[in-house]
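As given, the protein sequences belong to chains A and B, one line each in that order.
Each residue of the first sequence is one higher than the one before, counting from 1 in the numbering used here.
Each residue of the second sequence is one higher than the one before, counting from 1 in the numbering used here.
These aren't lab readings, by the way, just hints derived from the structure by calculation.
Glycine is no exception: its CB is placed at the ideal position from the N, C-alpha and C atoms.
Keep in mind that a hint or two might mislead.
[Unchecked claim] Among the chain A residues that face chain B by a calculated CB cut under 8 Å, a handful are:
(1) Gly43
(2) Glu54
(3) Arg56
(4) Lys95
(5) Thr96
(6) Ser100
[As the list claims (entries may be wrong)] Calculated lysine-lysine pairs in the DSBU-like style (CA-CA distance at most 30 Å, straight line):
(7) A:Lys70 - A:Lys92
(8) B:Lys157 - A:Lys33
(9) A:Lys70 - A:Lys111
(10) A:Lys112 - B:Lys197
(11) A:Lys95 - B:Lys197
(12) A:Lys92 - B:Lys7
(13) B:Lys7 - A:Lys79
(14) A:Lys165 - A:Lys79
(15) B:Lys7 - A:Lys33
(16) A:Lys95 - A:Lys112
(17) A:Lys77 - B:Lys7
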Amino acid sequence: MPGQVLTITSGKGGVGKTTTTANLGVALARRGKRVVCLDADIGLRNLDVVMGLENRIVFDLVDVIEGHAKLRQALIKDKRLPELHLLPAAQKRDKTAVTSEQMIALCNDLKKEFDFILIDSPAGIESGFKYSIAPADRVIVVVTPEVSSVRDADRVIGLVESQEKPSPQ
Amino acid sequence: MSFVSFKGTREGLSITLGDGGWREMMSELTNQLGRPSAQSFFRGARVLLETGGRAVAVTQIEELIALLAQHDMTLVSVMGEAHAQANFNQLRATIPPPELLAEETRAAQARETEPLVIRRTIRSGQVVRHAGMVIVLGDVNPGAEVIANGDVIVWGKLRGVVHAGAAGDLRATVGALILMPTQLRIGDHIARAPDEKRVLRWPAEIARVRDGQIIVEPWGTS
Ligand SMILES: Nc1ncnc2c1ncn2[C@@H]1O[C@H](COP(=O)(O)OP(=O)(O)OP(=O)(O)O)[C@@H](O)[C@H]1O
Ligand SMILES: [Mg+2]
Chain A
1 MPGQVLTITS
11 GKGGVGKTTT
21 TANLGVALAR
31 RGKRVVCLDA
41 DIGLRNLDVV
51 MGLENRIVFD
61 LVDVIEGHAK
71 LRQALIKDKR
81 LPELHLLPAA
91 QKRDKTAVTS
101 EQMIALCNDL
111 KKEFDFILID
121 SPAGIESGFK
131 YSIAPADRVI
141 VVVTPEVSSV
151 RDADRVIGLV
161 ESQEKPSPQ
Chain B
1 MSFVSFKGTR
11 EGLSITLGDG
21 GWREMMSELT
31 NQLGRPSAQS
41 FFRGARVLLE
51 TGGRAVAVTQ
61 IEELIALLAQ
71 HDMTLVSVMG
81 EAHAQANFNQ
91 LRATIPPPEL
101 LAEETRAAQA
111 RETEPLVIRR
121 TIRSGQVVRH
131 AGMVIVLGDV
141 NPGAEVIANG
151 DVIVWGKLRG
161 VVHAGAAGDL
171 RATVGALILM
181 PTQLRIGDHI
191 ARAPDEKRVL
201 RWPAEIARVR
211 DGQIIVEPWG
221 TS
């Protein structure tokens, strides 16, 4: 069975997308699922730091998409949990380096090897949000108990539904 | 009268063909590249050929590649007339990538190039590339990269990614007052930050390749 793509997003920044992605990745990997966490926050990457894998980055998402590196070379395997992998974002580029079509193609490749592809989306509803949502089979919206976070979440849910995706969780 | 003209660009040396006959152009190019003053200037260059409206045959491109190779130069792209481009693409597979060419020449070039001095902190997402030595009077933060064909010296904290001898020179070194890079590369060797904390040695440390691996020692021990 091909893998599932789950995108973790929020609209509002700093509400815990990256933390949720990392923890969900660990939890699924502990259950023996093959997981890749994909950092889509190009230019402001964090997931590598949260997962403690920063010092192992050689190639990144943009290198793979632009054909400078093979997927295999860019994927970082967690030493503690062999089922857990990270595909880091590029830090020296910005969100214009990737398109929705390229993300869909990349995820189709990843689906062949992984049970779960967890995409850590950047904050906002601009291009970074759009290319993070494009390949998603399901979307998880992270919310904090604040009015501004709830308003942003509502907006994001509307945007996701308009893409004809299942209603977010 | 000139049949060919040269221009330095960010991507490499651009050579534009004029209207003369192919023979005349080749002999002019041979002379130009052969001048003693041109020798070190052109050596190792990546060349972009601008053909204008001229159709260039496969054999002619081959001739040009061979001539450039005598001066350690590599033809990397052909622009202009469509057939010339198609002919070049057909040949492309046979050209060795520039990295493999003249590694020694590049190392020598790195030692001759003026050092680049940067008087500020290099922050996440910023990249510094230089064909010679790089000296940073400031910090190199995590997420920043310094790539030098020569040595790298950081008068401050080095916590980002650093690559010395990036063209393959294994004699290149990396020195810093506080040497804690996320990743340290010299030539084709890579060392990663240790996962646990490391005791830094006073007053500074230097990394170099010895017996096929990167080692770190206190400044001034050898
Ligand atoms: N469930 C939680 N409970 C309390 N604090 C949390 C929780 N999840 C995350 N945090 C804290 O919130 C802060 C922001 O988290 P995180 O970086 O995951 O957010 P983000 O949505 O990815 O941010 P950005 O929009 O900048 O990418 C961090 O300090 C994190 O430790
Ligand atoms: Mg984040």
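A quick look at each hint next to the structure:
Proximity of glycine 43 (chain A) to chain B holds as hinted, the smallest CB-CB distance being about 6 Å (cut-off 8 Å). The closest approach between the C-beta of glutamate 54 (chain A) and any C-beta of chain B is roughly 6 Å, which is under the 8 Å cut-off, so the hint is satisfied. Of the supplied interface hints, the one on arginine 56 (chain A) holds, with its beta-carbon coming within about 6 Å of a beta-carbon of chain B, less than 8 Å. Taken as an interface hint, lysine 95 (chain A) does not check out: its beta carbon lies about 13 Å from the nearest beta carbon of chain B, beyond 8 Å.
For threonine 96 (chain A), the shortest C-beta to C-beta distance to chain B is roughly 14 Å, which exceeds 8 Å, and the interface hint is violated. Below 8 Å, beta-carbon pairs count as interface contacts, and serine 100 (chain A) has none with chain B, the closest being about 23 Å; its hint is therefore violated. About 19 Å separates the Cα atoms of lysine 70 (chain A) and lysine 92 (chain A), which keeps this hinted pair within 30 Å; it holds. Note on lysine 157 (chain B) and lysine 33 (chain A): the hinted pairing is violated, with a Cα-Cα distance of about 40 Å set against a maximum of 30 Å.
Between lysine 70 (chain A) and lysine 111 (chain A) the CA atoms are separated by roughly 16 Å; this keeps the pair inside 30 Å, and the hint holds. Under the criterion of a C-alpha separation no larger than 30 Å, the hint pairing lysine 112 (chain A) with lysine 197 (chain B) is inconsistent with the structure, at around 38 Å. For a cut-off of 30 Å, the pair hint linking lysine 95 (chain A) to lysine 197 (chain B) is broken: about 34 Å separates their Cα positions. Proposed proximity of lysine 92 (chain A) and lysine 7 (chain B) is supported: the alpha carbons are some 29 Å apart, at most 30 Å.
In summary, the hint linking lysine 7 (chain B) to lysine 79 (chain A) is not supported, as the alpha carbons are separated by about 50 Å, beyond the 30 Å threshold. For the hint pairing lysine 165 (chain A) with lysine 79 (chain A), the CA-to-CA distance comes to about 34 Å; that exceeds 30 Å, so the pair is violated. For the given pair, lysine 7 (chain B) sits about 56 Å from lysine 33 (chain A) by alpha-carbon distance, which is inconsistent with the 30 Å threshold. At roughly 26 Å between alpha-carbon atoms, lysine 95 (chain A) and lysine 112 (chain A) fall within 30 Å of each other, so this suggested pair holds.
For the proposed pair lysine 77 (chain A) and lysine 7 (chain B), the alpha carbon gap of about 46 Å is over 30 Å, so the pair is violated.
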